[in-house]
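Residue numbers (my numbering), protein chains in the order written: chain A, 753 to 1100; chain B, 3 to 83; chain C, 1033 to 1481.
To be clear, the hints were calculated from the coordinates, so they are not data collected in a lab. This structure is a prediction, so every number in the text was calculated from the model and none was measured. Ideal placement from N, C-alpha and C gives every residue a C-beta, glycine not left out. Any given hint could turn out to be false.
Interface residues of chain C toward chain B, partial, derived using beta-carbon atoms under 7 Å [what the hints assert, rightly or not]:
id: 1; residue: L1035
id: 2; residue: L1041
id: 3; residue: I1042
Quick list of the computed label-pair ranges, beta carbon to beta carbon [claimed, not checked]:
id: 4; chain 1: B; residue 1: D13; chain 2: C; residue 2: K1387; range: 25 to 33 Å
id: 5; chain 1: B; residue 1: L65; chain 2: C; residue 2: E1461; range: 48 to 56 Å
id: 6; chain 1: C; residue 1: H1457; chain 2: A; residue 2: N906; range: 33 to 41 Å
id: 7; chain 1: C; residue 1: K1387; chain 2: B; residue 2: A20; range: 36 to 44 Å
id: 8; chain 1: C; residue 1: K1212; chain 2: A; residue 2: N1006; range: 28 to 36 Å
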Amino acid sequence: MNKLPLTVAVSGLNNTDNPGPGIPFIRAAKESGRFELKIIGLAYENLEPGIYMRGMTDAVYKMPYPSEGKVAFLDRIRYINDKENIDVLIPNLDAELHTVMISEKELGELGIKTFLPTLKQFEERHKSELEKFGEKYGIKVPRSFPVSSVSDINRIPKDFDFPLMVKGKFYDAHIAYNKEQVISHFNKISAQWGVPVIVQEFIKGTEVNVIALGDGEGNTIGAVPMRKQYITDKGKAWGGITISDQNMIDLTRNLIAAVKWRGGMEMELIKTINGEYYLIEINPRLPAWLYLAVGAGQNLPEAMLLMALGEKVPPYTSYDIGKMFVRYSYDMMVDLDDFQKISMNGEI
Amino acid sequence: MELKKNLAISDTGFVFDANSGESYSLNPIGLEILNYLKQGLKDDEIREKIMEKYDVDASTFDLVYFDFIRTLQQFDLFEKS
Amino acid sequence: MKLPFERPLIKKINAGMPSKFGLKPTIKPIEKVDGIVVGDLLEKYGSPLFVISEQTIRETYREAKQAFETRYPKVQFAWSYKTNYMNAVCKIFHQEGSWAEVVSGMEYDKALHNGVKGSQIIFNGPSKSREDLVKAIENDSLIHIDHFDELFLILEIAQSSDKKPKVAIRVNMDTGIYPKWDRFGFNYENGEAWEALNRIMLSEKLELVGLHTHIGTYIMTAEAYRIAAAKLADLAYNVERKFKHNIRYIDLGGGFASKNTLKGAYHTGIDTTPTFEEYAEAISGALISSNLNPEKLPVLILETGRALIDDAGYILGTVIANKRLSDGRRSLIVDVGVNMLFTSFWYEHEIYPAKGETQFTEETTIYGPLCMNIDVLRAAIDFPVLKSGDNFVIKRVGAYNMTQWMQFIHNRPAIVLIDEKGESHLIREHETLETIMHHERLPEHLSNI
């Protein structure tokens, strides 16, 4: 089979102890064998490890932060596109998704394709909206309360019992055992990610996750449930294993069908002792552990790229159960010259 | 005042302080002045050179030049005398 | 020919944070306002200076009007005086067809002074005196009742008046947004609003003309308005059924966000603020799909202020000094302070140099000229290095500043309007010592020192 030449711009090269999905996405795309790939890395910070990982990217460009707005984002994308001619853009960070979604028309005019949820899907699954979302689609969710200032913390309903989860709009989640901890987490999270900060009831049980891909017409192209085996102090999986849980698969399929979800997603669920599932969060993109799904037989990045190009992709119907991953860290030697290039010129 | 000896200044305006491990970036005039300082030029000589090349009067130059020097001091880029 | 001089700069490259070097400049200068060079305006009228663009006001108004009129048959705007009650500004809105929406006796008199017909003045707010109400009833104005005490006062005045007061009630409700405003008007969910409507209808002394709500301020989701419109339509339908009385208008108030970025927001206002179309779609969609008789649909009144005027206002100013703080951070002292730019307490205002495009910026704190620690326009902004005497422009300051400003330490600046032909007109003079002392009186025994 002839390989399809394809230039893909990928962000989320922050392969740190709190990794972005960029590097695993690139790894999966390269292993697909369907494409003749040119990978353009998009980085925000000078020390994102992906910038320096040989063989991963063909070029790397620094991007203005999403908080700079759509105009700055598009200016930079135009500059990069002039040099690299991007076919598909894969944003991997929650904070940039909104900016990319509202730029879809302009990106289309540049010939750049994306495969993302609609703005409506994106908005209604926001942490601050999750309760309404659960109600609408018949899924149990823990009660939550949006906090926009320290004085709001006093208004948290009395029947919210400690411990509580305190979560940022895009990232960060901390457990709080008393009001002082809520205040301290609020201050830290709001300083970085803005408001509202979400205070959520804590549900006791086992954390299980599903990675999934919807085609935008209600079909689930792939879905793999995983249980985290080891969680870092940042709440990230350090080890995980695919599990056989038809309830989770059904939940995912029903949700994707009801919402007509388009693009990658990760559902974070808590399974209680009584076997009930609570939806904690929907991340509107493939998660950093996406390579586990590839290892278990579902190359979702490949399917996503093909769908971005307008191809119809048959759904994956099975995956290997008991497939396991363990993450590791590695000290890579970096040439000071590369650091100089990315920090001075904003590109390598 | 003398610039630290192990300061690596590249043509792009990238500066690496081998002593502290910090890196810095300069704009073109900042780079030019830092190079003059490295060559050991005195304040008066630097002023003269810059005024020859750029459209700036002595008092404006002094104002921003000494602010620049103060920043270099803040970053600890001079040898301790 | 010598080369242009630029200030020498050195910045630490932080491992985490990218330096903006190498990326294209994100700050471009604003050299002119509606065709007039910033420096020329400041030279003619003094610095600082508020500038209002008549063209932007009219364009924004027409855009909003069109968004609603293409979706709903009967639409009426009422200019929210408190947002900006410079007479010149009010008159532009009145020329465009806006009624007046006022919240005090002073604003009411200002609207009359501006030539607005009494019957086209909406009188809102929690504080209307007996005299205010008598006057409003006499002029056939639309009185939006805030609480039961006001309702009883109007009923009492109506006893001895030959006019039948035209009233609406303000309703507060849960629209799914936070914070929920419940201090103004009668509550929908607990039945208070329905009770007030019954009292008005049963009294037969008042003419119930409308229903009003104002769900909050800076509402970033248009959906909240859909809920509000549906709840008001529901009340109107109940009145129609029980009393065979058609409500003439439904007033959705204001609260539309402008494109300013709120402090604490991650994305810019430009990227996240709903458009007039989105607000219009939500509101008209709810009204049209309600139970209301399609033959007798009420007029939709909108009192949006901020979203109509914010973009039309600029403040131009001058750099007083550059200063390094003790930790090496750069700061800039400018002649625009929080006393005239009240909105800097909740916006990350966009500030631009008036000339010179450069990619070399530094993180800067911008302070106003007041000898007060709170006088900070921007705590941290990536800003080009300006020198004393350089000019700058702050965008989107048309709403609330020219009404909430206070005379403190410095005199308040002049306000200029640039008309559609690009001519500037002074619409409020720069204050002087005389302005401040005009109302002062000195007891005789203090005349000598």
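Status of the hints after comparison with the structure:
Residue-level restraint check for L1035 of chain C holds (minimum Cβ-Cβ distance to chain B is 5 Å; threshold 7 Å). Interface hint status for L1041 of chain C: upheld, as the beta-carbon distance to the closest one in chain B is roughly 4 Å, under 7 Å. Annotation: interface hint on I1042 of chain C holds; nearest CB of chain B at approximately 5 Å, less than 7 Å. Restraint check, D13 of chain B to K1387 of chain C: a C-beta distance of roughly 29 Å satisfies the suggested window 25 to 33 Å.
For the pair L65 of chain B and E1461 of chain C, the beta carbons lie near 35 Å from each other, so the given range of 48 to 56 Å is not met. Checking the proposed 33 to 41 Å range against H1457 of chain C and N906 of chain A shows it is violated: the Cβ atoms sit about 50 Å from each other. Checking the proposed 36 to 44 Å range against K1387 of chain C and A20 of chain B shows it holds: the Cβ atoms sit about 40 Å from each other. A hinted range of 28 to 36 Å holds for the C-beta pair K1212 of chain C and N1006 of chain A, which are about 33 Å apart.
In summary, the numbered hints that this structure violates are 5 and 6.
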